[in-house]
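Asker: Chains as they are written, first to last, in the working numbering: chain A, 1 to 467; chain B, 1 to 200.
If you are wondering where the hints come from, they were derived from the structure by calculation, not from laboratory data. Be a bit skeptical, because a hint or two may be false.
Stated by the list, open to error - Once the Cα atoms are required to be at most 27 Å apart in a straight line, the calculated DSSO-like pairs of lysine-lysine come out as:
| # | chain 1 | residue 1 | chain 2 | residue 2 |
| --- | --- | --- | --- | --- |
| 1 | A | K311 | A | K190 |
| 2 | A | K417 | A | K404 |
| 3 | A | K417 | B | K57 |
| 4 | A | K311 | A | K335 |
| 5 | B | K57 | B | K12 |
| 6 | A | K404 | B | K33 |
| 7 | A | K417 | B | K12 |
| 8 | A | K327 | A | K365 |
| 9 | B | K63 | B | K155 |
| 10 | B | K57 | A | K327 |
| 11 | A | K164 | A | K335 |
| 12 | A | K317 | B | K12 |
| 13 | A | K363 | A | K335 |
| 14 | A | K317 | B | K33 |
| 15 | A | K164 | A | K363 |
| 16 | B | K57 | A | K317 |
| 17 | A | K263 | A | K8 |
Owing to the predicted nature of the structure, the values given are computational and were not obtained by experimental measurement.
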Amino acid sequence: MGKTLYRKVWDAHTVGILPDGRTQLFIATMYLHEVTSPQAFAMLRELNLPVLHPERLFATPDHIIPTDDQTEPYADPRAATMLDALRRNCAENNIRLFDLPSGQQGIVHMVMPELGITQPGMTIVCGDSHTATHGAVGAIAMGIGTTQVRDVLATQTLAMSPLKVRNVRVEGSLRPGVTAKDVALHIIRKLGANGGLGYAYEFGGSAIEAMDMDGRLTLCNLAIEGAARCGYINPDETTFEYLKGRPYAPKGAAWDEAVARWKSFASDPDAEYDDVVIIPAEEIEPTVTWGISPDMNIGINETIPSPADAKDEETRKAYVTALDYMKLTAGQPIKGLPVDVVFIGSCTNGHITDFRAVAPLLKGKHVAPGIKALAVPGSQMTAQMCEEEGIADIFRAAGFEWRKAGCSMCLAMNPDKLIGDQICASTSNRNFKGRQGSPTGRTLLMSPLMAAAAAVTGMVSDPREVF
Amino acid sequence: MPLHQITTITGKAVPVAGADMDTDRIIPARFLKCVTFDELAGTMFYDERFNADGSSKGHPIDKPAHAGASIILGGENFGCGSSREHAPQAIKRSGIQAIVAETFAEIFFGNSTGIGLPCVCAAHADIAAATALTEEEPETPWTVDLAAMTLSCPKASFPITMPAEPREALMQGRWDAVVELMNAPAEVERLAAALPNPTL
Numbered sequence: 001m002g003k004t005l006y007r008k009v010w011d012a013h014t015v016g017i018l019p020d021g022r023t024q025l026f027i028a029t030m031y032l033h034e035v036t037s038p039q040a041f042a043m044l045r046e047l048n049l050p051v052l053h054p055e056r057l058f059a060t061p062d063h064i065i066p067t068d069d070q071t072e073p074y075a076d077p078r079a080a081t082m083l084d085a086l087r088r089n090c091a092e093n094n095i096r097l098f099d100l101p102s103g104q105q106g107i108v109h110m111v112m113p114e115l116g117i118t119q120p121g122m123t124i125v126c127g128d129s130h131t132a133t134h135g136a137v138g139a140i141a142m143g144i145g146t147t148q149v150r151d152v153l154a155t156q157t158l159a160m161s162p163l164k165v166r167n168v169r170v171e172g173s174l175r176p177g178v179t180a181k182d183v184a185l186h187i188i189r190k191l192g193a194n195g196g197l198g199y200a201y202e203f204g205g206s207a208i209e210a211m212d213m214d215g216r217l218t219l220c221n222l223a224i225e226g227a228a229r230c231g232y233i234n235p236d237e238t239t240f241e242y243l244k245g246r247p248y249a250p251k252g253a254a255w256d257e258a259v260a261r262w263k264s265f266a267s268d269p270d271a272e273y274d275d276v277v278i279i280p281a282e283e284i285e286p287t288v289t290w291g292i293s294p295d296m297n298i299g300i301n302e303t304i305p306s307p308a309d310a311k312d313e314e315t316r317k318a319y320v321t322a323l324d325y326m327k328l329t330a331g332q333p334i335k336g337l338p339v340d341v342v343f344i345g346s347c348t349n350g351h352i353t354d355f356r357a358v359a360p361l362l363k364g365k366h367v368a369p370g371i372k373a374l375a376v377p378g379s380q381m382t383a384q385m386c387e388e389e390g391i392a393d394i395f396r397a398a399g400f401e402w403r404k405a406g407c408s409m410c411l412a413m414n415p416d417k418l419i420g421d422q423i424c425a426s427t428s429n430r431n432f433k434g435r436q437g438s439p440t441g442r443t444l445l446m447s448p449l450m451a452a453a454a455a456v457t458g459m460v461s462d463p464r465e466v467f
Numbered sequence: 001m002p003l004h005q006i007t008t009i010t011g012k013a014v015p016v017a018g019a020d021m022d023t024d025r026i027i028p029a030r031f032l033k034c035v036t037f038d039e040l041a042g043t044m045f046y047d048e049r050f051n052a053d054g055s056s057k058g059h060p061i062d063k064p065a066h067a068g069a070s071i072i073l074g075g076e077n078f079g080c081g082s083s084r085e086h087a088p089q090a091i092k093r094s095g096i097q098a099i100v101a102e103t104f105a106e107i108f109f110g111n112s113t114g115i116g117l118p119c120v121c122a123a124h125a126d127i128a129a130a131t132a133l134t135e136e137e138p139e140t141p142w143t144v145d146l147a148a149m150t151l152s153c154p155k156a157s158f159p160i161t162m163p164a165e166p167r168e169a170l171m172q173g174r175w176d177a178v179v180e181l182m183n184a185p186a187e188v189e190r191l192a193a194a195l196p197n198p199t200l
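Take these sequences, add in the hints, and give me the full structure.
Answerer: Right, dumping it as structure tokens:
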């Protein structure tokens, strides 16, 4: 039987087996941001240990960065302290930092693929659950905690047990108006927010193979929302085309060698999987969440489900809690639900292709009265491209606030937050209670196309009908 | 650096019910603005427990009967979402020494193991029974026993599960992985030399 990419990469990075049975896994690169790394450096100092391989570490600030006025010192002294800690730790340890003046700062999961640092066949970790994103190029990429960040700083290795591998195949052609975001939400709905526990998801099938790299990044980004710590896609010509010419990608003769090596990591045609799930692409509709867990989602033309129809008692209770928090009624159509805020951005949907897809639709249209609409490119490089291509101006003309790169309204660690029980049409990744900064704020996850439609109409809308 | 071996945890329990208890609910993002974990004691489940004006929502954690609890009884996919280690750190620094739930999210589980906070799984019906017993008699002392793999009190005993490796790590006092990971420097350097590293 052949091997999966997961197994090949795992084996290539195995240092040995620890006395407790876990594998000591070599980490090709670790990414750092300001929220989960200062404590790890403090632990390292306490142990009086040096950073072992600083050349394999890359950092950028993202979570706490204000997206409007970035004049320092920041109004929030705690945010300033965290940014200072990142700068100091990187400077003291010779770690490459893509800081604000570099033109290469942004959300860590956007910047590293854009710079070509994220490459196939690598083990990649970061103190951030959305590290799964980097699996899109055919890497094993996982979120870790801060104590594990310390372990990698000190040893460039981690103590881990291998995951099982589920092959999630989406076969056929996606319908018009259906994006990678809709595919991801649909998979999570089918398999559950806890369905991926114990698994890495290998995404495949003709619909995935047809996706561009930004779409693949979106899909793998959301693997963790289905409880799969790691999601990946086998490297192919789309991957190589994306990486070629990026600053940190191999060049010249080294490029051809790298491509040959990368290809060797792809899952064998006869690879053995622990589970296989096949989803017909045609069944996926533009999708939106209605509850407080990413699996609480429905197609745009469906109605909000009733607790009475829940598959078990636990789910029934969860539906009751969700409807109560969201102030929604079972049986109510999701289409037409008024929104207060629209957010296009985040490591899920802050890519250049997301803005390129939306901009032509917004031409000649305007954000509905009373709606606060934010467009936040995920990186300074994406922001720059949007300016050069006239995309930023289209968003501005349509009434969006065009912001600077950062995590913004995804997670409430910077000034971009919901107020009270505002409803936000959001292209981010989590609709958890309080996620967007107000303990009563409400999040509807959706694609950039649907978010743009919501901005224009002031309500949850089917982008196929609006544009 | 000798570490203590973790085999049994005994103390009162407190139910924290519900599936998909995400780490944003365990520790809201505003508490993440810290450069050490020292300030996190008492912050666990903050917005689940308190209204915006600081008044109590009557969460079980704040019921006097459950004061001083050492063991959380949770639901399915406990600790899902954000990888923030602040979540198990806040739980541990609030006095909790073990969590029993139906299942755990992977990252949360690993983070907890790494700081010596055992996360063990039990069946839905058994957690429901333990919760009922705890609500009737909150003073009941429960014991999580990693050797016997049971959650027990004088009136009942339920089987628990945990993967072999983290269980061994906790019981052998090897849960702080950095100590273990420094034992093979030559092999680490061999891989560091062999595996490509992105460069300009």
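Asker: Any hints from earlier that this structure breaks? Give me their numbers in increasing order, please.
Answerer: The structure breaks hints 7, 8, 11, 14 and 15; every other hint is satisfied.
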